[in-house]
Every structure is written in structure tokens, then in C-alpha cells.
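Participant: Let the hints inform the model, and build the full structure from the sequences given.
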Amino acid sequence: MDQYLRNLLKEDSEFLQKLRAYGEAEFVPIVRLDMAALLRFLVKSHKPARILEAGTAIGYSSILMAQADESNSSHIDTIEIDPDTAMTARRNIAEAGLSSRIRVIVGDALEVFESLNGTYDMIFVDSAKSQYILMYDCIKKLLRQGGLLVCDNVIYYGKIFDSPEEAPHKHRTIIANLRAFLEKVMSDKDYAATLLETGDGVLLATLNNKP
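Using the working numbering, the first residue of the sequence shown is number 1, and each one after it goes up by one.
Note that these hints are calculated values from the structure, not bench results.
Since the model is a prediction, treat every value here as computed from it, not as a measurement.
There's no promise every hint is true.
Calculated cross-link-like contacts (lysine-lysine; reagent style DSSO-like; alpha-carbon spacing at most 30 Å) [said to hold, decoys possible]: (1) Lys10 to Lys47; (2) Lys44 to Lys141; (3) Lys159 to Lys10.
If you anchor each label on the Cβ, the simulated ranges turn out as follows [unchecked claim]: (4) Arg172 to Ser115: 24 to 34 Å; (5) Leu8 to Thr194: 20 to 30 Å; (6) Tyr4 to Ser73: 34 to 44 Å; (7) Ala49 to Lys159: 31 to 41 Å; (8) Pro211 to Gln3: 19 to 29 Å; (9) Phe161 to Gln3: 15 to 25 Å.
Backbone N, C-alpha and C define an ideal beta-carbon position, used for all residues, glycine too.
Facilitator: Written out as C-alpha cells, the structure reads:
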């Protein structure tokens with residue numbers, strides 16, 4: 001079933017095909033094909049003018065979201081902690097002709113979130129899973145009322161279903177923090193939220209009431 005569904009999903013752009021091939025060859029984590037299709041759909045349907053992304057990697061998802069905007073007017077701020085990876089992302093973004101619309105910020109996602117001002121129409125979080133809960137207040141501050149929050153890898157390769165106490169020691173903090181984040185969003189009445197099994201699990205939430 002999964003193989004059949006994956007065969008239905010196609011990359012829209014040859015450039016993204018090239019980036020996906022590079023990512024797979026170099027073991028650089030990028031969003032799965034079904035998650036890419038969901039991101040493309042969300043941008044096309046919600047038409048966010050300002051997007052904030054945590055977890056640039058080689059720039060695949062930033063470029064995908066920018067290309068999905070048919071108005072070619074949206075702006076994306078994307079955060080990458082590794083300077084060398086950020087440099088690669090900037091090169092890819094420039095090659096895609098999107099340097100004027102995508103800004104790569106080098107730094108720890110939590111620290112950058114704390115320093116940002118203004119609000120965003122969409123926030124895509126795909127960085128260190130243990131930080132999701134630590135970023136909670138910043139996300140709520142930076143997301144505009146009616147804005148869309150998208151968090152990837154919330155199933156964490158199926159490990160989220162293990163209790164932290166029974167998980168391998170190296171995964172316990174990540175599982176505990178990720179569970180705390182999911183429970184907090186899903187119980188927060190300011191959000192309308194749902195969980196999908198797309199990719200490695202995705203949280204979708206709309207901020208209905210701005211604190």
C-alpha cells in the first residue's frame with residue numbers, strides 16, 4: 001500500500017528531484033515525498049505570505065514552499081544550525097533563483113525564535129525534536145492569529161509510542177519532550193489541531209485565539 005501511494009507522488013520540479021537525489025546519496029535528512037506533497041498543498045491552499053522554517057538542511061523544503069507559491073511573492077525565513085550546511089542551502093537557493101525570497105539564518109532554532117519579531121502566516125518546524133516543547137511559547141508568539149503550524153517527525157520513527165522509561169536511554173529525553181509538546185498543543189484551546197501519519201507523523205494546528 002505504501003509503495004503504491006509513493007509511486008503516485010511525483011516531484012514537480014527537476015531541481016527538487018536533483019536535491020532529493022543528493023540528499024539521499026549524502027544521507028542529508030529532507031522531508032519524505034508524502035510530506036513534500038502535503039507542504040505543497042498547504043502553501044497552495046493557505047497562501048501564506050510569510051513563512052518561518054526551523055531546519056533548513058540543504059534548502060529542499062524552503063525551495064519547495066517558495067515554488068508552490070503561485071504568486072511568487074511569499075518570503076521565507078529558514079534556520080539552520082550548521083554553518084556548512086547553511087552555505088550549501090544558500091547555494092541551492094541561489095541556483096533555484098530564490099535568494100530574494102528565502103533568507104537562511106544560521107543559529108540554534110530556539111535562540112533564533114527567541115530573537116525574532118513580528119508574526120508569520122505559517123511556521124514549519126523540522127528541527128531537533130527535543131526542542132519542540134522548548135519552542136512552544138515562541139511559536140505561539142510568532143504565529144499570527146489564523147496562522148498555520150506544521151511540525152514534522154512527531155512519530156519519531158515510531159519511538160513516540162514507547163514510554164520514555166522503557167525506551168533506550170539516548171531516546172528518553174526526546175520522546176518525553178515530544179510527547180509533552182504534542183499533549184500541550186492538542187489540549188491548548190487556542191489551537192485547532194490534528195495529527196496525521198503522513199511522512200514520519202505531522203502535527204497540523206491553526207491558532208484561532210492569539211493570546
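Participant: Would you mind marking each hint as holding or not holding in the structure?
Facilitator: Taking the hints in turn, this is what the structure says about them:
no.	hint	in the structure
1	Lys10 to Lys47	21 Å, holds
2	Lys44 to Lys141	24 Å, holds
3	Lys159 to Lys10	28 Å, holds
4	Arg172 to Ser115: 24 to 34 Å	30 Å, holds
5	Leu8 to Thr194: 20 to 30 Å	22 Å, holds
6	Tyr4 to Ser73: 34 to 44 Å	37 Å, holds
7	Ala49 to Lys159: 31 to 41 Å	36 Å, holds
8	Pro211 to Gln3: 19 to 29 Å	44 Å, violated
9	Phe161 to Gln3: 15 to 25 Å	23 Å, holds
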